Each structure stands twice: as C-alpha cells, then as structure tokens.
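J.: With the sequences and hints as input, model every part of the structure.
Numbering follows full-length UniProt numbering, with no gaps: position 10 of the sequence shown is 10.
These are computed hints drawn from the structure, not numbers from a lab.
Treat the hints with care, since some could be wrong.
[Claimed, not checked] Quick list of the computed label-pair ranges, beta carbon to beta carbon:
(1) 40 <-> 7: 34 to 44 Å
(2) 3 <-> 39: 18 to 28 Å
(3) 2 <-> 43: 31 to 41 Å
(4) 3 <-> 45: 36 to 46 Å
(5) 45 <-> 11: 29 to 39 Å
[Said to hold, decoys possible] Only pairs whose alpha carbons sit at most 20 Å apart, straight line, appear in this in silico SDA-like list of lysine to any residue:
(6) 11 <-> 37
(7) 24 <-> 41
(8) 24 <-> 2
(9) 24 <-> 11
(10) 11 <-> 28
The model shown is predicted, which means the values in this text are computed figures rather than measured ones.
For every residue, glycine included, the Cβ atom is placed at its ideal position computed from N, Cα and C.
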Amino acid sequence: EDNLARLDYEKYQPSEQTETAFNKCPTAVIIYRGPSAPPLRQPAQKTATA
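T.: Written as structure tokens, this is what we have:
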C-alpha cells in the first residue's frame, strides 16, 4: 500500500541535468509541478522526410 514514490514539490529544486533533459525532450512529456515549475511547452513539430 505504501510503496509509491513521493516528491515534495514545495521543496524540489531541479538540477542542471534535469534542466538539460527538459530542454532536449522533443515530445514535451517531461513536466514540472510546484513553485519552481517552468511554463508548459508544446511538443516540437515533426518534420516530413521523403
């Protein structure tokens, strides 16, 4: 019952590595919550290759 990971978003401060991963994620599925959260992003547009 109590085996879920928990994160105190009030105390969470993202590291430089977390910021790098966030900025490189083309699908924009990495999200933050809490007071240090950056604004939500839209996924990168796919480019057609032929």
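J.: All hints, please: hold or fail.
T.: Structure-based check of each hint:
{"no.": "1", "hint": "40 <-> 7: 34 to 44 Å", "in the structure": "violated (18 Å)"}
{"no.": "2", "hint": "3 <-> 39: 18 to 28 Å", "in the structure": "violated (33 Å)"}
{"no.": "3", "hint": "2 <-> 43: 31 to 41 Å", "in the structure": "holds (35 Å)"}
{"no.": "4", "hint": "3 <-> 45: 36 to 46 Å", "in the structure": "holds (39 Å)"}
{"no.": "5", "hint": "45 <-> 11: 29 to 39 Å", "in the structure": "holds (35 Å)"}
{"no.": "6", "hint": "11 <-> 37", "in the structure": "holds (12 Å)"}
{"no.": "7", "hint": "24 <-> 41", "in the structure": "holds (12 Å)"}
{"no.": "8", "hint": "24 <-> 2", "in the structure": "violated (33 Å)"}
{"no.": "9", "hint": "24 <-> 11", "in the structure": "violated (24 Å)"}
{"no.": "10", "hint": "11 <-> 28", "in the structure": "violated (23 Å)"}
This entry does not satisfy hints 1, 2, 8, 9 and 10, going by the numbered hints stated previously.
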